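Residue numbers (this note's numbering), protein chains in the order written: chain G, 1 to 269; chain R, 1 to 269; chain S, 1 to 269; chain L, 1 to 269; chain A, 1 to 269; chain C, 1 to 269.
One thing to keep in mind: the hints can contain errors.
It does not matter which identical chain is used: a pair holds within one copy or between any two.
[Said to hold, decoys possible] No more than 30 angstroms apart at the CA atoms, straight line, and that leaves these computed lysine-lysine pairs for DSS-like: (1) K44 x K201; (2) K201 x K229; (3) K201 x K22; (4) K229 x K22; (5) K229 x K8.
Just so you know, these hints were derived from the structure itself, not from any lab.
Fair warning: this is a prediction, and the values are worked out from it, not measured in the lab.
Number of protein chains: 6
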Amino acid sequence: MPIDQPVKLLWINPVTISSYDKPMADYIDNIRSSTTSVDVVSMKIENFNITNLEFRTLESAVELPIMQLARWASIQGYDGVCIGCFYDPGLEAAREISGPSMVVTAPCQSALAICSRLANRFSVIIGRDQWKDQMTGRITQYGYDRDLASFRQLGLSVDEMQKDPAHTADLIIEQAAAAITEDEAEVILLGCTVEFGFFQKVQDEVGVAVIDAIVACFKECEHAAKLKKAFEWSTSHVWGMQGPLDSEIASSNIFSGPPPIGNIIHVGP
Amino acid sequence: MPIDQPVKLLWINPVTISSYDKPMADYIDNIRSSTTSVDVVSMKIENFNITNLEFRTLESAVELPIMQLARWASIQGYDGVCIGCFYDPGLEAAREISGPSMVVTAPCQSALAICSRLANRFSVIIGRDQWKDQMTGRITQYGYDRDLASFRQLGLSVDEMQKDPAHTADLIIEQAAAAITEDEAEVILLGCTVEFGFFQKVQDEVGVAVIDAIVACFKECEHAAKLKKAFEWSTSHVWGMQGPLDSEIASSNIFSGPPPIGNIIHVGP
Amino acid sequence: MPIDQPVKLLWINPVTISSYDKPMADYIDNIRSSTTSVDVVSMKIENFNITNLEFRTLESAVELPIMQLARWASIQGYDGVCIGCFYDPGLEAAREISGPSMVVTAPCQSALAICSRLANRFSVIIGRDQWKDQMTGRITQYGYDRDLASFRQLGLSVDEMQKDPAHTADLIIEQAAAAITEDEAEVILLGCTVEFGFFQKVQDEVGVAVIDAIVACFKECEHAAKLKKAFEWSTSHVWGMQGPLDSEIASSNIFSGPPPIGNIIHVGP
Amino acid sequence: MPIDQPVKLLWINPVTISSYDKPMADYIDNIRSSTTSVDVVSMKIENFNITNLEFRTLESAVELPIMQLARWASIQGYDGVCIGCFYDPGLEAAREISGPSMVVTAPCQSALAICSRLANRFSVIIGRDQWKDQMTGRITQYGYDRDLASFRQLGLSVDEMQKDPAHTADLIIEQAAAAITEDEAEVILLGCTVEFGFFQKVQDEVGVAVIDAIVACFKECEHAAKLKKAFEWSTSHVWGMQGPLDSEIASSNIFSGPPPIGNIIHVGP
Amino acid sequence: MPIDQPVKLLWINPVTISSYDKPMADYIDNIRSSTTSVDVVSMKIENFNITNLEFRTLESAVELPIMQLARWASIQGYDGVCIGCFYDPGLEAAREISGPSMVVTAPCQSALAICSRLANRFSVIIGRDQWKDQMTGRITQYGYDRDLASFRQLGLSVDEMQKDPAHTADLIIEQAAAAITEDEAEVILLGCTVEFGFFQKVQDEVGVAVIDAIVACFKECEHAAKLKKAFEWSTSHVWGMQGPLDSEIASSNIFSGPPPIGNIIHVGP
Amino acid sequence: MPIDQPVKLLWINPVTISSYDKPMADYIDNIRSSTTSVDVVSMKIENFNITNLEFRTLESAVELPIMQLARWASIQGYDGVCIGCFYDPGLEAAREISGPSMVVTAPCQSALAICSRLANRFSVIIGRDQWKDQMTGRITQYGYDRDLASFRQLGLSVDEMQKDPAHTADLIIEQAAAAITEDEAEVILLGCTVEFGFFQKVQDEVGVAVIDAIVACFKECEHAAKLKKAFEWSTSHVWGMQGPLDSEIASSNIFSGPPPIGNIIHVGP
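In isolation and in its complexed conformation, chain G is listed as follows (with noise of 0.2 angstroms):
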């Protein structure tokens, strides 16, 4: 029962500017294990420009092409997905088209599950407020509702985010340390994968983990990915996770076209 095999991993961008892929490949290519190989992508949609997912019906634009890239993913035997954004889009969509052959991790669960081993409650640092209906309804949703301290936010978007850096993780310390000292976090979660390159710095400052989105979700996916190649834990295909038969699928030509890719960085073997 070898454990360490090394497995293969899409991680999605789910947006169509490619600023973002060769920051977070490098980000990715520090991170993951050394027989770990992952490709990055970012997308091409028609001529849409979707720079981020802050609003419902900028996700709505991308939740087909994430869909595209999972049922892509499953047919050229990647072994997990990481669908980059701290919503969580599309994610039990593609856990039902890419089925028993794949699995299929995003950052907000993925985030709660560590979380969960280290602590009873948690805060959230968001961009801005009005990110938290959507986000409350995952949380509650994954059943961690409950121990969620309070979101805090930036009153950053998240196109502002990269854009001075040092700023953003003087903003970050700052509330992470309110959500500590007066809501009573034990852990901080970071809600949004753009939010990347400052959670050591961070946790330093505050002295408790602060879970860093894309870190989380690639982490539990490569997880996820050996697991499932030594265990066959591979999703479930059956009752509320069944997919479509197909020749449903062929039928309905969703998934006729080339995969919606715009932009592919390899790192790894």
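Add chains R, S, L, A and C to chain G, keeping to what the hints say.
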């Protein structure tokens, strides 16, 4: 404060086949207020062939087109949009993008509102047990999970429901009667818009209200649209209901094409 | 299937003073469908003097009279009864006794149904903080407790609300604005039927829908009554909705007297 | 701090027939502390004939009389009032009006408190399945819904329960045994005060505690009354527990008549 | 059916110091029924020095000794055991091992039962905010989380609570008053057995019932023990309440030593 | 940021018999990462003979030894501790005492985290129905109670599970298949660490992932330990996660003896 103002509604058949359009338009023509004008549309999405939304996979293909129609409808001056599928696909997103000028309804939420005025506990007649998980999610999100007596399946796919209406009616009567007798349901919900044409026969047989998904969604929408015109009770557009800025919408190009309408039938004035 | 049939409704002011009857009848006259006929009644209960239902004590005095009116209305051929108090007193009992011939609505449940079509989260503007406990019970029972952003009190008793309408309006605007800004409410509910006459001014000021308790209860009742006439969607009468047998009703003598009507005003055809 | 002070309690049979008064008074006489004095009363309400409260309709007729008795009792110096129906009718209102001078208990809440000291999960033996909805509401409100193993019906109306006690005992034993074996109940609750006289025989047969509704309500009231006298642990009278002002009570005339007592039996010192 | 039978109770101070034994025994002597005999014990556990249970770490050291005492008490013929810590440590296990011959109570569950008869909402006065997480777990498990208005900390460790009683009393009064005024608590719970001696002074100041942890636990135990003797309402011993077989107990050797009693004080007959 | 660092784990068999140590060590040796070193220990507790933890009584005997081992492990430099029982005994306390230098996992929480990535609903295969109550408590605490399809019992005590492995396998297959077919489970959890050696055969038969309790607990611990070393994501030590001061630990003498190890087997480097 004139209440009986005419309203203009859009009924979306979120599939790419037009075969339901005529019977549903006729159905709606029979239940609309005399001053309500309605456009019943099915979709055109690339070369997709979507005949039902039984799986999350298929739903994902229509999320964006539903959004595009909701946005288009709000610009065209529709007062309300009906999303014609009991999974209520894209409901929150459509409300977000259509903002304060319109109302949006969908069958599951509508049927629950009607039910809550008539009874404590309800059962939902579904096509296949595979639907339960996702539908339970909606019912729980809407706050009615404590009142769910049971799901009862017909053993029919969506595509089979109108093939042999007499047979389908018999199956619904059988399951509705069992839901009342064995599961102690007090009202019956028909959990699919394609279960249309049956409710009156069923309720004559089983003796309690049987809520039709089309009638529920349409009449709640017409009602909400009239309230909107009379009292300016429109969709909220703050906090979790806030949509993207016009500039963000424009730069995204999501709504730059024509609306994804495949077929359109008008009823009413 | 004619939908625009006229309906006949009973609005119960569950107090023994008649001073609200005329302004409320005028108010309702302005919001009814043109074919809807309405009787607005206040009560005559022994020598009781009930001007409001702020306390459970006072509510208890009107529970039976509400039932007697509901029963009387169902026999007189009313299509619907509105119970005009935001605590929704006697709602379940009135539905039970009026059985399958009528519908019954009340403001809290009605306002929540309207709100659920427009927003995720709401605040309720109440007279005094003492109301919270009982109202929280209703909101929880209806399944909307997760969506309650806050209660905000005016610091007014019911009897004071119409004393100085301009002052009351100012207070409501102040609290509604704070609810939106500080508590992140997306829609405002006016938590008392005596807060009538304010909603339009308030929503002009605060920019989101402000749901008036009278309008909500009346329009949901009118709507439900039309659905009942058109589709036979009546109050359930099985299991937990079952009322006593006619023989039990007769032998109880509960309904043997005249209806406890103190004053009656008719509006409409 | 003398604990063994005598207390004076009022047991309300919330019906207008006196036939249960003597057997219940005898029953209570056997279970009271030696220093406890008790008045067992049934009601006189106009010309009403209320033999049971199986329906909300019938309950509504006794809500006000229960209040009037609670108010009267608090003025007369009773230490506690027992509301003798497992639906706990008027419990919150009676606490509100009797304020800080008295305690009020009712069977459902009392039985749950006793049960929570003995077991994790319980079943309730009811007369008819129609009772479930309202009783579930109470159990949920009290926070014990997670612990409800099942309801089990006898197929008897309240009026039939004491007609053939041996037959009723057999039915209870049968259903209690099934609740333990099939539903995994650990304790049994008798869900009606008219199921009196059976619990000891039943628990001898089924081997777990069987909580009698009268004994539970009475002994919890006596206990609470002793705590009140010894420690001044009285009903709260602030926030949601606040009642109307004396002036409001006086002007309402609700309590101006004699107490609605039809029959009274005294037991104890 | 003699109710006033004497009962014999064991109060466990789950610490290894004896300094609280005498004041607590005197305290209990003042609140017991005249026929109740009580043994107040603290523990002897190897060379351990446990002065409080503020941390789960310390609690773990007394779980087994509590069990051994509960088992010993059931064999010695005690009618009830009180576990004297507001975390209710070992409550379920003690009930399991003492089986159908005894009752076991603990302060948190006891105080909530008393509170539920007096009010809707309560606050808990704790020593330090660190206690909240575990206490919230208990309150949630018991079904009362919806009713929790707030925790309010004194800023004192358990060991400091009786150092300067006048100062502690002032702190409790301050926090209790704030809980009522700001958090809308209707009753106050003292969330530690070492907060003894204060409740009467505090409730004189704040005007609502203040539930003392020792009194609550002891009086509920005495009451439950009397119910057990009178009605055979004993701890359940089936399903989740079932303990090991006698043979399993014997072979485990867990109970082969003497009971872990360090000090014992008898009060009463 | 080297991720593939070696980690050193402690597997606790929380029983006093050593017979499972060798087979479990071999089992773990087959599933560990190549760089992971593991010590598998069973316990020595006075003269106790604890072969399983089926009852809370038996669990109480190992709570303190688990703590002592967790504390010892954190001092010895272990990166993680696995508590090898599906009731997750002592999990929170072990996290508290081992503080920010270590991670601790247990089977139930671990299996649920794995399951949440693969499916919506799960069933748990248990030995005896008596386990349900306590296990339901854990699943509810972890937030997964909505997703529990069913428990299914084998009718075996823990001690019988490895007596006739072929028979046990047959029983598990039978119950797992029934859970999928009748209860609509999408993944199966084996609810006891002594159900080891079966999962692969069972999942081959039933066609969905079958989560082994040992593998789940061990692999989640190894994964969490690697995250800890790479990212400093350690157990929180503030608020509800805070443990006693070193001085309190020292003065308590709880940890002054040798670790309660009865047998130790090392696997890995």
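Status of each hint after checking the structure:
no.: 1; hint: K44 x K201; result: neither (34 angstroms within a copy, 43 angstroms between copies)
no.: 2; hint: K201 x K229; result: between (35 angstroms within a copy, 16 angstroms between copies)
no.: 3; hint: K201 x K22; result: within (21 angstroms within a copy, 44 angstroms between copies)
no.: 4; hint: K229 x K22; result: both (28 angstroms within a copy, 26 angstroms between copies)
no.: 5; hint: K229 x K8; result: both (11 angstroms within a copy, 23 angstroms between copies)
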